[in-house]
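*Asks:* So the protein lines, in turn, are chains C and U.
Read in order, the letters of the first sequence are residues 1 to 482 in the numbering used here.
Read in order, the letters of the second sequence are residues 1 to 138 in the numbering used here.
A hint or two may mislead.
Claimed, not checked - Label-pair distances were calculated between CB atoms; the ranges are:
| hint | chain 1 | residue 1 | chain 2 | residue 2 | range |
| --- | --- | --- | --- | --- | --- |
| 1 | U | Ser102 | C | Glu219 | 47 to 53 Å |
| 2 | U | Val32 | C | Ser340 | 25 to 31 Å |
| 3 | U | Val32 | C | Arg297 | 53 to 59 Å |
| 4 | C | Glu407 | U | Glu25 | 39 to 45 Å |
Claimed, not checked - To list a few chain U residues with every Cβ distance to chain C over 12 Å, as calculated:
| hint | residue |
| --- | --- |
| 5 | Glu3 |
| 6 | Thr5 |
| 7 | Lys31 |
| 8 | Asp37 |
| 9 | Asp55 |
| 10 | Gly73 |
| 11 | Arg85 |
| 12 | Arg88 |
| 13 | Leu110 |
| 14 | Lys118 |
| 15 | Pro119 |
| 16 | Ser121 |
What the hints assert, rightly or not - Just so you have them, the derived chain C footprint on chain U, three or more residues with Cβ under 8 Å:
| hint | stretch |
| --- | --- |
| 17 | 8-20 |
| 18 | 122-135 |
For the record, the hints were derived by calculation from the structure and aren't laboratory data.
All C-beta atoms, glycine included, are put in the ideal place defined by N, C-alpha and C.
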Amino acid sequence: MLVAIKYRLSGRILALVSLAGLVSLSATGVAVFAFRRALNSSELLREKHAEDLILCHELPRYLERKLAKSRSFLITGDESLDREMRLARKEFASVLGQLLERVRSDEGHRLLIKIREDELRHHDILVDLMAKRRRGARPRDLAPVLTDRLNPIRDEIDLAIRRLVELKEVQMRLAGDVAEASLSWAKAVSAGAALSTLLIFSIVLWLVRRLAAAQSEVEHTLRQANAELDLQVAERTRELSAFNRELEAFSYSIAHDLRTPLRAITNYGELAASRAQVSQDAELKRQIDRLRSAGLRMSQLIDSLLSLSRLTRRPLNLREIDISALASDVGAELAAANPSRKVDLTVQPDLKDIGDPDLLRVAILNLMDNAWKFTAHQTDARVEFGRVLIDDIPSYFVRDNGTGFDERFVHKLFTAFERLHTASEYPGTGIGLATVERVVHRHGGTAWAEGRLGDGATFYFTLNRRVVSKERVRLPKGGRDV
Amino acid sequence: MSEKTVLFVEDNPDDVELTTMAFKEEGFPHKVVVAADGQEALDFLFAQGRYIGRDRSDAPVLVILDLKMPRVGGLEVLRAMRADRWLRYVIVVILTTSDEESDRITAEELGANLYLKKPMSFQELCQIVKRIESLIET
Chain C
1 MLVAIKYRLS GRILALVSLA GLVSLSATGV AVFAFRRALN SSELLREKHA
51 EDLILCHELP RYLERKLAKS RSFLITGDES LDREMRLARK EFASVLGQLL
101 ERVRSDEGHR LLIKIREDEL RHHDILVDLM AKRRRGARPR DLAPVLTDRL
151 NPIRDEIDLA IRRLVELKEV QMRLAGDVAE ASLSWAKAVS AGAALSTLLI
201 FSIVLWLVRR LAAAQSEVEH TLRQANAELD LQVAERTREL SAFNRELEAF
251 SYSIAHDLRT PLRAITNYGE LAASRAQVSQ DAELKRQIDR LRSAGLRMSQ
301 LIDSLLSLSR LTRRPLNLRE IDISALASDV GAELAAANPS RKVDLTVQPD
351 LKDIGDPDLL RVAILNLMDN AWKFTAHQTD ARVEFGRVLI DDIPSYFVRD
401 NGTGFDERFV HKLFTAFERL HTASEYPGTG IGLATVERVV HRHGGTAWAE
451 GRLGDGATFY FTLNRRVVSK ERVRLPKGGR DV
Chain U
1 MSEKTVLFVE DNPDDVELTT MAFKEEGFPH KVVVAADGQE ALDFLFAQGR
51 YIGRDRSDAP VLVILDLKMP RVGGLEVLRA MRADRWLRYV IVVILTTSDE
101 ESDRITAEEL GANLYLKKPM SFQELCQIVK RIESLIET
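Whenever a hint applies, use it, and build me the whole structure from the sequences.
*Replies:* So, in structure tokens, the structure goes:
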């Protein structure tokens, strides 16, 4: 019983755990996916910041070049330098423009705007200075403006750029940190998932083993119970067979031994009868006749018993038999033995089966002899032999329209020596039907009868169809005892 | 020597009496010696035991042999007889209650001349005696 509960429970738990495993696996998958996405985006961000940084570093370079060119112009007044200066400024403006587009943060934007404005101021002053030079101002006079007015602006721009660079570096680091964090998280989650999967897997494995163990335990218990039952059945069967054999041997030897004194009775009876005949003593003769008649009856009974016993002792000799032919033969035999009787016998043709021909002959002879006997007072005696399907089992029958029997005593019919008629009504030892039953049982079949007083009787028998069912043990409802 | 002897081996006194009566009824001309069991039969046939001193060469012309006897049975007597060079030609008629096929076969194999079942009627017993007589005559 416990085994059954364990079995059922283990099954449920297994299902649950497997489900949990599946869910955790999917959750893990989703988590890892999410983290990978975070990782990707933060790496992209990092790259962007790195590029911004490069641009930031380009700003002062162009600025420096512009300054250098313009300073040279202020000194030499070479117009090509003016052009180069403007080129440098264009580059500067382009980079600044790119940065302005790329940089999204407020602080960055503010810094870039400041840089642009400062540069504008710076440029105006520079342009003014360059115009003065063209007009003929001496470099010597322009130098102080450079120092006093342009340098501070330049410093501010540099500061702003430096701040921007710092900002970018921080942003880059942040993005890097996020990426790293995402990566570590992803690793952690993957590791966790792997571990939990392993754990769940081992639990599942353990449960499966438990289940298998429980199942095999159940099977083992069942097998044991069945084996015990088989053993008991075999034991009982052995005991029964042994008992039957002993009984057979015993009744055979008794019947056989009874013959010896019986022989003395019949022989001496015969001798005494002849003497009585000679003596003219009528009463003596009558008494001796009664004695002899009793002895004869005893002899018949013992003969019947012996032949019945012999029937069940010898081995079954199974072969294919033409049952119709057998029945017809027996009918002919009975007709020849009772020439004064006119019995209409019908035998169903083409009936074939497997059985012991000698035993079946005796059985059919007994049945048909009965039919003959009990139709003795019938004017149109009819006996029928055939085979029908009863509950899908082929059943042979001998039917007569004779005196029948009282259905109340049907259970006595097949009992040895039980008779439903007195000897004066119908002769017989009462062993015929017991013989039929013995023969039929040896073939694995059953015999039964139907009849009504005054309305004939039908005797049925089957062959080779006894169903032997071994009840397999199902799990008991309570306790472990089978 | 001229008078022939028949050995009748039978343990049942009723059967002995009835068979003796049958012999009388049929006017059986030969001397009948009765042995009550197998050992007595062997003693007689081999001139031993209570029959020491008997002339062994004076063998019976026929032996009526019952099979089912205590201690020494009929088949054992038959076997002993057929092994002896004097007795192997003695006519043996088995007269028994046994209807076991195996007994009949063994008796035949051991060289019994006739196997008869003890009859239920005196008349039949007389017929058997007649048959035995005719066997001796030939």
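*Asks:* Give a verdict on every hint.
*Replies:* Taking the hints in turn, this is what the structure says about them:
1. The hinted range of 47 to 53 Å is satisfied by Ser102(U) and Glu219(C), whose Cβ atoms lie roughly 51 Å apart.
2. Distance hint for Val32(U) and Ser340(C): a CB-CB separation of about 47 Å, inconsistent with the stated range 25 to 31 Å.
3. Evaluation of the 53 to 59 Å hint for Val32(U) and Arg297(C) yields a failure: the beta carbon distance comes to about 34 Å.
4. One distance hint, 39 to 45 Å for the beta-carbon pair Glu407(C) and Glu25(U), is violated here, with the actual separation near 55 Å.
5. The claim that Glu3(U) is not at the interface with chain C holds, since no C-beta of that chain comes within 12 Å of its own (minimum 28 Å).
6. Chain C leaves Thr5(U) outside its interface by the beta-carbon criterion, the shortest separation being 25 Å against a cut-off of 12 Å.
7. Against chain C, the non-interface label of Lys31(U) holds: every CB pair exceeds 12 Å, the least being about 23 Å.
8. With a cut of 12 Å on Cβ distances, Asp37(U) stays outside the contact zone with chain C, its closest approach being about 15 Å.
9. No beta-carbon of chain C is positioned within 12 Å of the beta-carbon of Asp55(U); the least distance is around 35 Å.
10. Taking the minimum C-beta to C-beta distance to chain C, about 15 Å, the non-interface status of Gly73(U) holds against the 12 Å cut.
11. Every C-beta of chain C lies more than 12 Å from that of Arg85(U), the closest at about 36 Å, which supports listing it as non-interface.
12. The Cβ of Arg88(U) sits about 31 Å from the closest Cβ of chain C, beyond the 12 Å cut-off, so the non-interface label holds.
13. No beta-carbon of chain C comes within 12 Å of the beta-carbon of Leu110(U); the shortest separation is about 22 Å.
14. With a closest Cβ-Cβ approach of about 6 Å to chain C, Lys118(U) is found to fall inside the 12 Å limit, against its non-interface label.
15. For Pro119(U), the requirement that its beta carbon stay farther than 12 Å from each beta carbon of chain C is not met, with the minimum near 8 Å.
16. Look at Ser121(U): its CB is around 6 Å from the nearest CB on chain C, not clear of 12 Å, so calling it non-interface is violated.
17. Residue count for the stretch 8-20 of chain U with a Cβ under 8 Å from a Cβ of chain C: 4. That meets the three needed, and the coverage hint holds.
18. Check on the stretch 122-135 of chain U: 3 of its residues sit with their Cβ under 8 Å from a Cβ of chain C, so the three-residue criterion for coverage holds.
Hint violations for this structure: numbers 2, 3, 4, 14, 15 and 16, all remaining hints satisfied.
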